[in-house]
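Student: As a plain string of letters, each chain reads:
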Amino acid sequence: MTEEILSILDPFVNKAMKLGADEVELFARQRKQKTVNFEANNLKSAVSTLIEGVGIRVLKNKSLGFASVNTLKKNKINEGLKEAFAIAKVSPPEEFYILPKKQKITQIPNLFDEAIINISMDDAIEYSNNLLKSSLKIDSRISIDSGNFEATEDYFAIVNSNGINAFDKKSDFSYGLFGMAIDGDDIGSFDAEFDAVVNESEINIQKTAEEFGNKVLQNLNAKKTESFEGPAIFSPDAAQLVFYLVIEAAKASNIQTGSSYLQDKLGDKIAVDNLSLIDDGTLPNSPGSRSFDREGVPHKKLNVIENGTFTGVFYDTFTANKENLKSTGHAGGSFRNIPNISTTNLDIKPGKISIDDIISEIKHGILIQRISAAPDPISGDYSGAIKGGKLIKNGEITGTLKEVSAVGNVFTGLKNISSISKEQKPFRGTPSWFVPYIVIDDMKFIS
Amino acid sequence: MKEILQQVIDTRPDGVHVEARFHQRKKIEVRADKGKLQRAIVDDFAGIGIRVLYSGAWGFASTSKIDKASIFETFNDAFAAAKNLAPSMKEKIELAPIKPISGTFKSLGKDPLANHSIEERVKLVTDIDKKVLNADEKIKGSLIFLREYHNHRIVMNSDGSNVEVFDSKPDIYVQAVAHEAGKIMPYMDARGMCGGWEIFKISPPDKMIKTAVNTAIKLLDAPLAKGGKHTVVMDPKVVGIISHEAIGHTVESDFVMSGSAAKGKIGKKVASEHVTMVDSGEQDYASGWLPVDDAGVEAKKTVIIEKGVMKSYLHSRFTAHHFGVEPTGSERAFEYNDEPLIRMRNTYLEPGDFKREELFENIKFGYYLVSPGGGQADSSAEFMFSMPETYEIKNGEIGSLVKNVTVTGNAFEVLQSVDAVANDWRLEMGNGHCGKWQPAKVDGGGGTTRAIALVSGSVGGK
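Chains A and B supply the protein sequences, listed in that same order.
Residues 1 to 447 in this note's numbering are what the first sequence spells out, letter by letter.
Residues 1001 to 1462 in this note's numbering are what the second sequence spells out, letter by letter.
These aren't lab readings, by the way, just hints derived from the structure by calculation.
We put the beta carbon where it would ideally sit given N, CA and C, even for glycine.
Mixed in with the good hints, there may be bad ones.
Keeping only pairs whose Cα atoms sit at most 35 Å apart, straight-line, the calculated DSBU-like set for lysine-lysine is [said to hold, decoys possible]:
(1) LYS1311/B / LYS133/A
(2) LYS269/A / LYS1140/B
(3) LYS1036/B / LYS265/A
Simulated restraints, written as ranges between beta carbons of each label pair [to be verified]:
(4) ASN1395/B / PRO426/A: 52 to 62 Å
(5) LYS1268/B / PRO426/A: 38 to 48 Å
(6) ASP264/A / GLY1264/B: 51 to 61 Å
(7) ASP356/A / LYS1300/B: 48 to 58 Å
(8) GLU323/A / GLU1003/B: 52 to 62 Å
(9) LYS1301/B / LYS363/A: 51 to 61 Å
(10) LYS1269/B / LYS223/A: 24 to 34 Å
(11) ILE117/A / MET1001/B: 26 to 36 Å
(12) THR1104/B / ILE117/A: 38 to 48 Å
So here's chain A without its partners, still in its complex pose (with noise of 0.2 Å):
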């Protein structure tokens, strides 16, 4: 897909208007993929795939109305078109609905790295199998269950009857695997590691491979240990689930439906000050950044945490317009549906000690590698199976342990956390997370 898709979606801007549209957007996107699988311990599949299609957004009477066809035709656009002006015509009216104005987009810098549109299978298919390779030759209890390489290059255009008309392109590196160790009778808890990047010559298969190993052979020989109450390290995987709350209570559509903890919580004390937390769409060379959002919106930075006070709701166009406030450009989603809040790039603060001092400074606690929990997402409550914790006495850690678990809450815990590391581990993706370990006090375990 080329700029020339703008000349195939405008003529619709000019016709739903005819048909009586207040507003209209049509989004188009074309993905084209090179991936190669692998599946117990063997390559299995080399997969080529082109996705397209247009999402279309009608508002008539102050009624939306959404569809989409997986294909750039005219007539089928035209269909989709149709379509999306039947279901306003049957859609309630929303007062506050309303497309975004145009605004001056500036191209982020280092987005697409031309290399890709000369990859080849060949070249995918040895990624996959160097990523394959060099995680088994790490240890021979090292089991893979599935995983992959894929190289992408993502297309992306736009145009509303407000003037918006953009387009934009991505080239995405994207590799991972999931797995487990296994010694004899001993299965280990499954884990896994994945990264992307934008540029060809940033693929670091090898320290995916490493990393991967290291967390599934920790896993191994693990013990169970007595219930008690201590400080909880939660490595950068498991702050995630962490701040994966914290995130989803922060986005306007959460807190204007009332199902967000931070609701009426703007400009209040919310975690320890050493806690800061920025998203930014705008970082050049990052795979969670783009030029502009699902809806034609520039990306901006925006601090969600300051020092421990929640500074910054995330907004699209339509929930800002019911605050009077503008998009934060934070409209995220495919063209097959109606966008929604998402996130670019997320970048929790590092701290000023390493992750050996704290370590050292703990005398009876739990470094928790994975947690699998399904916490409320409202209230923050949660209990969950530590996966690959590592018993901490006396400042050294003394082995793995299982069939243990946590119980807290994610919201208390952010005014409890007594120590954030200045290691950063980065899930580069879409979006992308930069998290440190952080040390959440008075943790209940669970035996």
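Since chain A is already given, all that's left is putting chain B on it; use the hints.
Tutor: Same frame as chain A, now just chain B:
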């Protein structure tokens, strides 16, 4: 289009196995929250996926362009991908033989969804939403969600399978959120099936509203469960989710090959003699209905555990060849551009001889698990599920509702402890999706079942 797919198959080069699929998925979603229509959408997603096995390697390619030239180009891409991959294959992929199957299969229900308008759906969902919000002054939040998949599949392969399948799978979710003195308690009732508009007769909206509203309000004052090992009586929905998540995934043979807890267990006793676990595509009213899988294999009933002894894994043609058994018809692709994977269908425990009431008799203290929430399972069959609707059992009687219950344990240990399965067999786990790289519609259930499990109830406590 069948003619073009047949031409692709007929003109394949020597030594090439071809699977050619067409899949049109029309998705309709209507959702209302707290008095507002949140969305009403129609998503049309159609195309062709072609999988080629050449020299021991799979190549797969897909297109949404449904014309002869594009379809042949897609075959060429899949063939080229397989050719490129073949030299790197450590273990060559070979397929177990099948008996080809042909015919047309339909499950669109008694009252097909196609006979109902978008307007009717918008009205239904917004009406339910209003009723939930007006049901009680403590109800401050609501979420009503209707999602339908309308599927038209054509599956052909170079072994001669040639089938056309039509089905529709609606899901309805009704959530009420009760508020009181700073406490917030949501409860969601949900139902999903294969069929048509009769879903609203089988699971009447007014009944769902009542369940959601009453349970959310009762949860406000519900006490926490007492932590520890307890006798539990599980409703079919809960039996289904544990069978699916904690056992079912470990017997997917791709997972077995990489070393899941079910590896080496065929022929061994893994559960009590009351347990016979089945995965089947047969029930055409259930969300996991599958007459023929996406590799063109008849989707038969597979007995996983028979009277406590493990009998079979779930297989693709490749894993069936690897293990020297027959394929089970378990390869499924979510949409046309997805490569088929080993997935479950309807997973359940066969009914026992007990009457449901008999399971509660003689329980001095225990818990009755009615409805599962979120959860996860591990490669070792260890699982954790939240159980938003759980009641105390005291001296054989069902007592008060308790909140924030999580059940954990090793699924095989829980199955070893099963001492009774009732004859009230039903499938009712059809809402939602199973996730494994791609989603799939599945169902599950069984007879009400009694076992011992670890219950934790000390979450929250506010």
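Student: It remains to establish, for every hint, whether it holds in the given structure.
Tutor: Now for the hints, and whether the structure bears them out:
Pair hint LYS1311/B plus LYS133/A holds up; C-alpha atoms about 33 Å apart against a cutoff of 35 Å. For the given pair, LYS269/A sits about 26 Å from LYS1140/B by alpha-carbon distance, which is consistent with the 35 Å threshold. With a C-alpha separation of about 24 Å, the suggested pairing of LYS1036/B with LYS265/A holds against the 35 Å cut-off. Restraint check, ASN1395/B to PRO426/A: a C-beta distance of roughly 57 Å satisfies the suggested window 52 to 62 Å.
The beta-carbon spacing between LYS1268/B and PRO426/A, approximately 44 Å, falls within the hinted interval of 38 to 48 Å. Between ASP264/A and GLY1264/B the CB atoms are about 56 Å apart, so this pair conforms to the stated range of 51 to 61 Å. Between ASP356/A and LYS1300/B the C-beta distance comes to about 56 Å, which sits within the given range of 48 to 58 Å. As the Cβ distance of GLU323/A to GLU1003/B is approximately 57 Å, the hint placing it in 52 to 62 Å holds.
Remark: the range hint 51 to 61 Å for LYS1301/B to LYS363/A is upheld by a beta-carbon distance near 56 Å. Take LYS1269/B and LYS223/A: their Cβ atoms lie about 27 Å apart, and the range 24 to 34 Å holds. Taken as a hint, the range 26 to 36 Å holds for the pair ILE117/A and MET1001/B, whose Cβ atoms sit roughly 31 Å apart. Taking the beta carbon of each, THR1104/B and ILE117/A are about 43 Å apart, inside 38 to 48 Å as hinted.
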